[in-house]
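Residue numbers (numbering that gives the first Met the number 0), protein chains in the order written: chain Z, 0 to 94; chain B, 0 to 479; chain G, 0 to 483.
Mixed in with the good hints there might be a few duds.
Said to hold, decoys possible - Listed next, the in silico DSS-like pairs over lysine-lysine satisfying Cα-Cα at most 27 Å (straight line):
1. B/436 to B/411
2. Z/91 to B/3
3. B/80 to Z/91
4. B/244 to B/343
5. B/392 to B/436
6. B/415 to B/463
7. Z/91 to G/3
8. B/343 to B/359
9. B/428 to B/359
10. Z/91 to B/131
11. B/343 to B/3
Derived by calculation from the structure, the hints in this document are not laboratory data.
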Amino acid sequence: MALDTSEVENIAHLARLGIDPADIVEYARNLSDILAFVEQLNAVDTTGVEPLAHPLEATQRLRADEVTETVEREDFQQCAPQTEAGLYLVPKVIE
Amino acid sequence: MNTKWETVIGLEIHAQLRTRSKIFSGAATRYGAQPNTQACAVDLGLPGVLPVLNAEAVLMAAKFGLATHSTVAPRSVFARKNYFYPDLPKGYQISQYELPIVHDGYLDIELDESTTKRIGITRAHLEEDAGKSLHEDFHGLTGIDLNRAGTPLLEIVSEPDMRSAREAVAYMKKIHALVRYLDICDGNMQEGSFRCDANVSVRPQDAEEFGTRTEIKNLNSFRFVEQAINYEVERQIALIEGGGKVVQETRLFDPDRHETRPMRTKEEANDYRYFPDPDLLPVEIGQAFLDDVAATLPELPEARKQRFMGDYGLSAYDAGILTASREQADYFEATVDASGGQGKLSANWVMGELSGALNKAGVDIIDSPVSAAELGGLLLRIEDGTISGKIAKQVFQDMFNGEGSADAIIEKKGLKQISDSSAIEGIVKEVLENNPKQLEQYRNGQTKLLGYFVGQVMQATQGKANPKQVNELLRKILDA
Amino acid sequence: MHTKNLTELAKGLREREFSSVEFTQACLERVGRLDEQLNCFITVTAEQALRQAHAADARIQSGEAGPLTGIPFAHKDIFCTQGVKTSCGSKMLDNFISPYDATVTQYLNEAGAVMIGKTNMDEFAMGSSNETSFYGPVKNPWDPQRVPGGSSGGSAAAVAARLVPASTGTDTGGSIRQPAALCGITGLKPTYGRVSRYGMIAFASSLDQGGPLTRSAEDAAIMLGAMAGFDARDSTSVDRPVEDYMVGLNDSLEGLKIGLPKEFFGAGLAGGVADAVTAALGEYEKLGATLVDISLPNTSLAVPTYYVVAPAECSSNLSRMDGVRFGYRASDPQDLEDLYTRSRGEGFGPEVKRRIMIGTYALSAGYYDAYYHKAQQVRRLIREDFLKAFETIDVIMGPTAPTAAFRLGEKSDAPITMYLSDIYTIAVNLAGLPGLSIPAGLTDGLPLGLQVIGNYFEEARLLNIAHRFQQVTDWHELAPQGFE
């Protein structure tokens, strides 16, 4: 499957990845190569085969409903880029 | 009413489950904490953290499933819903997609006194709530509080079975009552623990296909749901009749202008790229678990309503009103007990005087100044003849205003009913003597004047005469 | 001291031949002197290490020491370490001081091990050569013009160069085993779910496993014993007691049936590697094992399957790196979109971006069935190949990597060529099985590895099999020149 640059731009946007316009063509080429490579899978007959999401096929354990975390906000916000009054700040979001 | 068009409505309700801790972490869920003091590493989506599922959330979802005649899936899977937004720390929401925990149920709503309608519940699934964005006060920036991130939600999706705003509100109220009956959600719409999105479309009557629908988000009161739907229906009809096409979009309701408008964010079809969350394993629910859940279910609204009809001889309509909320049903039954078993009387008073007074004062039944025991006590005094029904209403108003118990007020204001026959007879005779003209008219055939005489006796006794006795004595004397 | 194994070190500490502080200082000195050539470390935690060493010495004095108490190790920079930079080899986390410890970090702390520093790695564990790191490539101590393998390149090189006696790594498609092979050391990837993933920054959640890199199977057994264990914080962690991996190390291999998949010995395998592996298999026959030809028919699909599943999972796992709560934030973002796209565009390297985009594409509307769903189906077929094989044989062996260490830059322009370096290791992650690599020879003076793959939770058996080989051969004792 060959991807053109506009498709690469779409994917990059979905993933919120800034790509230098100068690099888009190379990304398109590399991604197309990878997709061509993985397309081998199409030839495999997988009729009736259940997808394997977890290698061990176990089931989910349940946790008792108890408060076990006391949050020291400062510990977590030390590594934050921008905070004020305990809130994380981002450019304004318009709804 | 526009009979050319049919309205089609589906509701998506997000009910916050009232667990103590979050759905995937051990942080607290209590409302109103200082920003980001209830967001632990897992809730913040720090690198390396992992989710672990809260057993109570599963239990609550199962309860809901059983209470709505749904299938509780023996195997359900959590899926990631991927999108970018600052209140979504991981860049994906853990939700459920192809295999939800509950599906294919229904609820019956009362359209009027004799008709019910079945509204299908397509599915109810578990997911985590996002944080909150605060747009004011940050010099052009938005502040993000992640306390709410990770609170468990049950997303309840209805079939597009509703055909009017009224039906939608009836359904929403029923779900609201049910989740509170089940004690899985506090239903507090102001605090955001019960949120509703409405999917609205119109189509010509008798059309088979659905029209294009719009989604109206975050309606947080019954009134708003009604207004928003009505506005949207009119808007869509006007648009189509004017030659336009309804655009599939998300809209917000403006409660001041009573209109819906499109959300200002760039409209793009969201590709959520759902896939099973590899950090979580499939949830398996066996029959033994479901049997345990079933055993913990309270008497559900429908069953309670039927019981009220049977035990107290109430109509379906009245029973329906009384069981609309668990608090009201509890209050009613406590009143019946305190009143010496008077079902119908209690029903009338709860639905009538009490309801009226509460509405006027803007107070919920939980905060009623007159308790069920006190109201029952009042009704007991009607039953045992101490006061008449009419006087009781006065007494009730005084009780509501905090003047004390029924007995205390009756005593203080000397409101005891006069039931002494000879005393009443005396007053009856006096009234007849003082109204010779009317007496003559009565004897000449104007038998309706009986009411006049009754009124006069009641006035003379300041309303305290036993009306039944007054009636009997008057007839006896007049017809003699 | 730097040539002693873990058992000797523990004994030396216990018998007060030297203290943990002394040994730690010696490691730090060696790192200071030699790491410039190799670039194994992103962060050296000298002060913390000495504090830990002091505490360990006290424990040893009071007779409360365990097998790892006072022993220095290097920790892959993918494991969160509280108060210490945890970069994952990326600019995106260059400023990230983790506020919490990974469970594995906690377990090693409790064991009294001494963390010398955080090792260099391919960015977010995506790579097979340690060339994608923001902090520059790691050099193979056997030949600094060559790669050490990846993504746990720093950890492997540090052990090979005898800078530390043991290190931790993670393996998603071969990232412990392949660098172990290329650096001439022992590396073990446990069964999926054996080692907790909490605090181990996720690449591909259903494939990642943490494990030890050491100079011998015996040492790996000691490390694994400390790292493994059920963790309630990790839903994919398996609730199964941790065995004593030392107990069966010397068990006889008489009657052991070794399966040799024909697909592991086909085209693409370098002659020198094939010869050494064959010779190693000969040693196993001498130890009493039987060699059985088997087939894992879907082997050729493993790499393409992996390159759908892993990118899909990582594309989602890395969405949390958005410049909002931690990590790199672009300067002066104009609006929210700009904040996201520039922070992520500038913070991630090209290989990471490629994989995020492949993953995003594979999950996107219209493509999910064709790519992701399909790949997960093929994944089951691959696992079934193994399970079927284990019905008639006990373990599977073959080369760990198709060639010895390649030159820096040799494969970095052609992603797919790089991906094929993991051709023998990847299927093991897809199936969730345990696998290890042990040194089995030299080809043109460069080490190569023999891979041993077992059934679920057979780590003890794998270590026994490796240990017996190491008792009759000395490939694992060879040190690269200049680092003896």
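We went through each hint and held it up to the structure:
As the CA atoms of residue 436 of chain B and residue 411 of chain B are separated by approximately 38 Å, the hinted pair breaks the 27 Å bound. With a C-alpha separation of about 45 Å, the suggested pair residue 91 of chain Z and residue 3 of chain B falls outside the 27 Å cut-off, and the hint is violated. Our distance criterion of 27 Å between C-alpha atoms is met by residue 80 of chain B and residue 91 of chain Z, whose separation comes to about 23 Å. The suggested pairing of residue 244 of chain B with residue 343 of chain B is violated, with an alpha-carbon distance near 53 Å, which exceeds 27 Å.
Between residue 392 of chain B and residue 436 of chain B, the direct Cα distance comes to roughly 33 Å. Violation of the 27 Å bound is thereby established for this hinted pair. Proximity of residue 415 of chain B to residue 463 of chain B is assessed by CA-CA distance (about 6 Å); at most 27 Å being required, the pair is judged to hold. Distance hint between residue 91 of chain Z and residue 3 of chain G is unfulfilled; the C-alpha atoms sit about 59 Å from each other, more than 27 Å. A hinted pair counts as satisfied when its Cα atoms are at most 27 Å apart, and residue 343 of chain B with residue 359 of chain B qualifies at roughly 23 Å.
Taking the CA atoms of residue 428 of chain B and residue 359 of chain B, the gap is about 42 Å. The hint is violated against a cut of 27 Å. Annotation: proposed proximity of residue 91 of chain Z to residue 131 of chain B holds, straight-line Cα distance about 13 Å (limit 27 Å). Taken as a hint, the residue 343 of chain B and residue 3 of chain B pair is broken in the structure, with Cα atoms around 43 Å apart against an allowance of 27 Å.
Going down the numbered hints, you'll see the structure goes against 1, 2, 4, 5, 7, 9 and 11, while the others check out.
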